[in-house]
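Visitor: Chain residues, written in single-letter form:
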Amino acid sequence: MDISPLDRNGMAAWCARDIPEGWLVNLGIGIPTLVADFVPADREVIFHAENGVIGVGPAPAADAVNPFLINASTTHVTLRTGGSYVHHADSFAIARGGHLDLCVLGAFEVAENGDIANWARSADEPVKQVGGAMDLAIGARRLWVVMEHTTKDGEPRIRHRCSYPLTAKAVVRRVYTSLAVLDLEPRGFVVRAMIPGMTLEALQARTEAKLHTA
Amino acid sequence: MDISPLDRNGMAAWCARDIPEGWLVNLGIGIPTLVADFVPADREVIFHAENGVIGVGPAPAADAVNPFLINASTTHVTLRTGGSYVHHADSFAIARGGHLDLCVLGAFEVAENGDIANWARSADEPVKQVGGAMDLAIGARRLWVVMEHTTKDGEPRIRHRCSYPLTAKAVVRRVYTSLAVLDLEPRGFVVRAMIPGMTLEALQARTEAKLHTA
Amino acid sequence: MIDKFVHSMADAVAGIADGSTILLGGFGDVGIPTPLLDGLIAQGATDLTIVAVAGGRDGSAIERLLSLGRVRRLICSFVRPASLAGRLFQRGELEVEIIPQGTLAERMRAAGAGITGFYTPTGADTLLAEGRETREIGGRLCLLEYPLPGDVALIEAWSADRWGNVTYRDSARNLNPVMAMAAQLTIAMTRNVAALGELAPETIVTPGIFVNRVLHVPL
Amino acid sequence: MIDKFVHSMADAVAGIADGSTILLGGFGDVGIPTPLLDGLIAQGATDLTIVAVAGGRDGSAIERLLSLGRVRRLICSFVRPASLAGRLFQRGELEVEIIPQGTLAERMRAAGAGITGFYTPTGADTLLAEGRETREIGGRLCLLEYPLPGDVALIEAWSADRWGNVTYRDSARNLNPVMAMAAQLTIAMTRNVAALGELAPETIVTPGIFVNRVLHVPL
Numbered sequence: 001m002d003i004s005p006l007d008r009n010g011m012a013a014w015c016a017r018d019i020p021e022g023w024l025v026n027l028g029i030g031i032p033t034l035v036a037d038f039v040p041a042d043r044e045v046i047f048h049a050e051n052g053v054i055g056v057g058p059a060p061a062a063d064a065v066n067p068f069l070i071n072a073s074t075t076h077v078t079l080r081t082g083g084s085y086v087h088h089a090d091s092f093a094i095a096r097g098g099h100l101d102l103c104v105l106g107a108f109e110v111a112e113n114g115d116i117a118n119w120a121r122s123a124d125e126p127v128k129q130v131g132g133a134m135d136l137a138i139g140a141r142r143l144w145v146v147m148e149h150t151t152k153d154g155e156p157r158i159r160h161r162c163s164y165p166l167t168a169k170a171v172v173r174r175v176y177t178s179l180a181v182l183d184l185e186p187r188g189f190v191v192r193a194m195i196p197g198m199t200l201e202a203l204q205a206r207t208e209a210k211l212h213t214a
Numbered sequence: 001m002d003i004s005p006l007d008r009n010g011m012a013a014w015c016a017r018d019i020p021e022g023w024l025v026n027l028g029i030g031i032p033t034l035v036a037d038f039v040p041a042d043r044e045v046i047f048h049a050e051n052g053v054i055g056v057g058p059a060p061a062a063d064a065v066n067p068f069l070i071n072a073s074t075t076h077v078t079l080r081t082g083g084s085y086v087h088h089a090d091s092f093a094i095a096r097g098g099h100l101d102l103c104v105l106g107a108f109e110v111a112e113n114g115d116i117a118n119w120a121r122s123a124d125e126p127v128k129q130v131g132g133a134m135d136l137a138i139g140a141r142r143l144w145v146v147m148e149h150t151t152k153d154g155e156p157r158i159r160h161r162c163s164y165p166l167t168a169k170a171v172v173r174r175v176y177t178s179l180a181v182l183d184l185e186p187r188g189f190v191v192r193a194m195i196p197g198m199t200l201e202a203l204q205a206r207t208e209a210k211l212h213t214a
Numbered sequence: 001m002i003d004k005f006v007h008s009m010a011d012a013v014a015g016i017a018d019g020s021t022i023l024l025g026g027f028g029d030v031g032i033p034t035p036l037l038d039g040l041i042a043q044g045a046t047d048l049t050i051v052a053v054a055g056g057r058d059g060s061a062i063e064r065l066l067s068l069g070r071v072r073r074l075i076c077s078f079v080r081p082a083s084l085a086g087r088l089f090q091r092g093e094l095e096v097e098i099i100p101q102g103t104l105a106e107r108m109r110a111a112g113a114g115i116t117g118f119y120t121p122t123g124a125d126t127l128l129a130e131g132r133e134t135r136e137i138g139g140r141l142c143l144l145e146y147p148l149p150g151d152v153a154l155i156e157a158w159s160a161d162r163w164g165n166v167t168y169r170d171s172a173r174n175l176n177p178v179m180a181m182a183a184q185l186t187i188a189m190t191r192n193v194a195a196l197g198e199l200a201p202e203t204i205v206t207p208g209i210f211v212n213r214v215l216h217v218p219l
Numbered sequence: 001m002i003d004k005f006v007h008s009m010a011d012a013v014a015g016i017a018d019g020s021t022i023l024l025g026g027f028g029d030v031g032i033p034t035p036l037l038d039g040l041i042a043q044g045a046t047d048l049t050i051v052a053v054a055g056g057r058d059g060s061a062i063e064r065l066l067s068l069g070r071v072r073r074l075i076c077s078f079v080r081p082a083s084l085a086g087r088l089f090q091r092g093e094l095e096v097e098i099i100p101q102g103t104l105a106e107r108m109r110a111a112g113a114g115i116t117g118f119y120t121p122t123g124a125d126t127l128l129a130e131g132r133e134t135r136e137i138g139g140r141l142c143l144l145e146y147p148l149p150g151d152v153a154l155i156e157a158w159s160a161d162r163w164g165n166v167t168y169r170d171s172a173r174n175l176n177p178v179m180a181m182a183a184q185l186t187i188a189m190t191r192n193v194a195a196l197g198e199l200a201p202e203t204i205v206t207p208g209i210f211v212n213r214v215l216h217v218p219l
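Chains as they are written, first to last, in our numbering: chain A, 1 to 214; chain D, 1 to 214; chain C, 1 to 219; chain H, 1 to 219.
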């Protein structure tokens, strides 16, 4: 049986299925932002944006753009009924103070000790792009990562230890990749689900860290 | 010439004369609270109360009390046009963050090094009443004190050093007493004004700290 | 559908455990959720730590809770010596921790904001600093303060919707929004009920994400 | 009568000194007081430190200020390598200090609130912590952070009155209220003018006590 790795929308949809009604969720830029599109409108999930929007709704119709309303990716959005606004310090109080039920981030690498690297490819990068990732990573009750299982060159991103500069230590709880869903437990990565046709052996071959089964 | 020490209202009025339009002012409980009554209504001074009221106005008419609006002495007040509300942490951010142009407090003692003692008569008092005095004392741009020049027994309150537990060190800028107005300068207390009939010698006799002249 | 409204006082205060730290909103008689405190009395939890601006006056709900022996520790900015709290403390029947009012508010704000410690000049030059860690910053002596989180916050709202979004009336705001952020379980009583979307988004003071349960208690 | 309205851009930006630290509100294109920045460009102050959420995109007012060589140092949470700020930095013509966005906001909040230092886990386990003071609190490594005050804040309001009371529209709130608290001189441009008392007291987001000058710049 051939395997068909999930594309960006496929990964986002896989993640979206596991977000229950009522959670407060921050979605990082990139694939995580797509997750909102796969949460049914009648499931009330409250999306938080770092720029102080609580209750981010879908993109507006082209003729109904509110120029004063953007998300953390600076994309025009709508506000869900029941949404509200706070200033930046209060918005990061939400993120850092343990009020997010979930934060979903993209990453370059995740390690079996829960470390995440998602902001720089090298300590020597001259220009830094930190943004709010470190605040979100240390502050959310749960941190999930959505990313391709390997790099474009086939190098593993699910690592024994991260090789890129860390965003935060020991914070990742789950990873959705193009091939599998992995939970982080004290013993390391535990395979929760795989795409059709994938075997544990084939998955391990694409993974540096040791994979466990439930 | 006989001397007539100022009463509470007299001290409050003396202080009120020196508060210019536009200042943000916190008035402590006791005599300081009376100061507001002597600021003319057409002089826009903004009074701050620790419980989150910006723009405290005069007492309401008996038949127009708003049960949701009190000042820090838990007395019913009104809100001046242009006033607003903040929560307690923001209210003390105003006090502690250097945003008060002036705080007027009562005191047991003030010392020539600017120390103030206004919250406890002894370190051994079993039950403490700190309230917001320490926050106000360290945070206001100017701290003025309004108090009787001596105790009821004639003991000095204008001291070389405070004998009661301190509220804060080196913060007092001016003292309005029943007898005089004293500025705190690096050299110590400087007499700015005295009530009619008072002489420097008579004032010094009622004062522990050395008094200077301008 | 998110619906944080509960329909009885018993549901509002259900599950508050013995030994809990309770953050109690209000200043004077304004913004204090007295019905919820009475509900807590009926619910039965004991060995409580109460965090409030003050130790309560005669006839207050705090005094009722104290008189029933349900409070082990009181954390506040002042206690009147003649009050029940003052008398219990002097008899050794109540622990009391006195904190400057601004530091009290800021410690709860820190708990809600993920700040694990902060420095303030407040109290640093006083006997409240005895035996505690200080540090000179910018030429000024400062005290190190730690967050003050609650297990439960009891707050009074003016209007609330089913997401738990809250507005306050006038000076009834006081400690309520700060405590709502600082507790694991925030229980709001509201004087008015708003339909979702009825409260203008810019005017919501406490977003519903800080509120777990809402009980409608009309004025 | 308190009247914080000024009636020309020159009056709005008068007196901003060379070497000032300027807190610049806004996030993306929203809530950024571009007319005030253009006013600052015309006013002439140089050797500036700019604090903003990011280093500015092509065509932004920050980029214009940078292109004129008026900025010595940029403090923000990210800089795009290809942006003018990124290129100037790589050429050694601009100092850049990168701070996690939450820490950036909190450091300004601390400046406004009289907090002289605070601890946060943000960044503590990263290379941003190298050579800096850390402390373990509750089993978690934390970084010590200091306040970030400004000499001047430039903010965009939706509505303002003569006391300087301010409301914001939708997500244009962002850093503006925090910066208004953190600067010695806060200059607001407002899209709308309200009579005193027209803004409901409970809905004012930045009380006028944090605002020094207001300029009406209609949309």
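Don't read these hints as lab results, they were simulated from the structure. Quick caveat, the model's predicted, so the values are computed rather than measured. A portion of the hints provided could be inaccurate.
[Claimed, not checked] If you only want the chain H side, here are some residues facing chain D, beta carbon under 10 Å, derived:
{"#": "1", "residue": "PRO81"}
{"#": "2", "residue": "ARG109"}
{"#": "3", "residue": "ILE115"}
{"#": "4", "residue": "GLY117"}
{"#": "5", "residue": "MET181"}
{"#": "6", "residue": "ALA182"}
{"#": "7", "residue": "LEU185"}
{"#": "8", "residue": "GLU202"}
{"#": "9", "residue": "VAL205"}
{"#": "10", "residue": "GLY208"}
{"#": "11", "residue": "PHE210"}
Glycine residues also receive a C-beta, built at the ideal position from the N, C-alpha and C atoms.
Visitor: Run every hint past the structure and note whether it holds.
Guide: Verification of the hints:
1. PRO81: Status violated, d = 36 Å.
2. ARG109: The hint holds - ARG109 (chain H) has a Cβ within 10 Å of chain D, the shortest such distance being about 8 Å.
3. ILE115: holds, 8 Å
4. GLY117: violated, 13 Å
5. MET181: holds, 7 Å
6. ALA182: holds, 9 Å
7. LEU185: Where the cut-off is 10 Å and the nearest Cβ of chain D is about 13 Å from LEU185 (chain H), the hint is violated.
8. GLU202: It holds, given that the least Cβ distance between GLU202 (chain H) and chain D is near 6 Å, below 10 Å.
9. VAL205: Interface hint status for VAL205 (chain H): holds (9 Å vs cutoff 10 Å).
10. GLY208: Status holds, d = 7 Å.
11. PHE210: holds, 7 Å
Figure legend: structure checked against the earlier numbered hints; hints not met, in rising order: 1, 4, 7.
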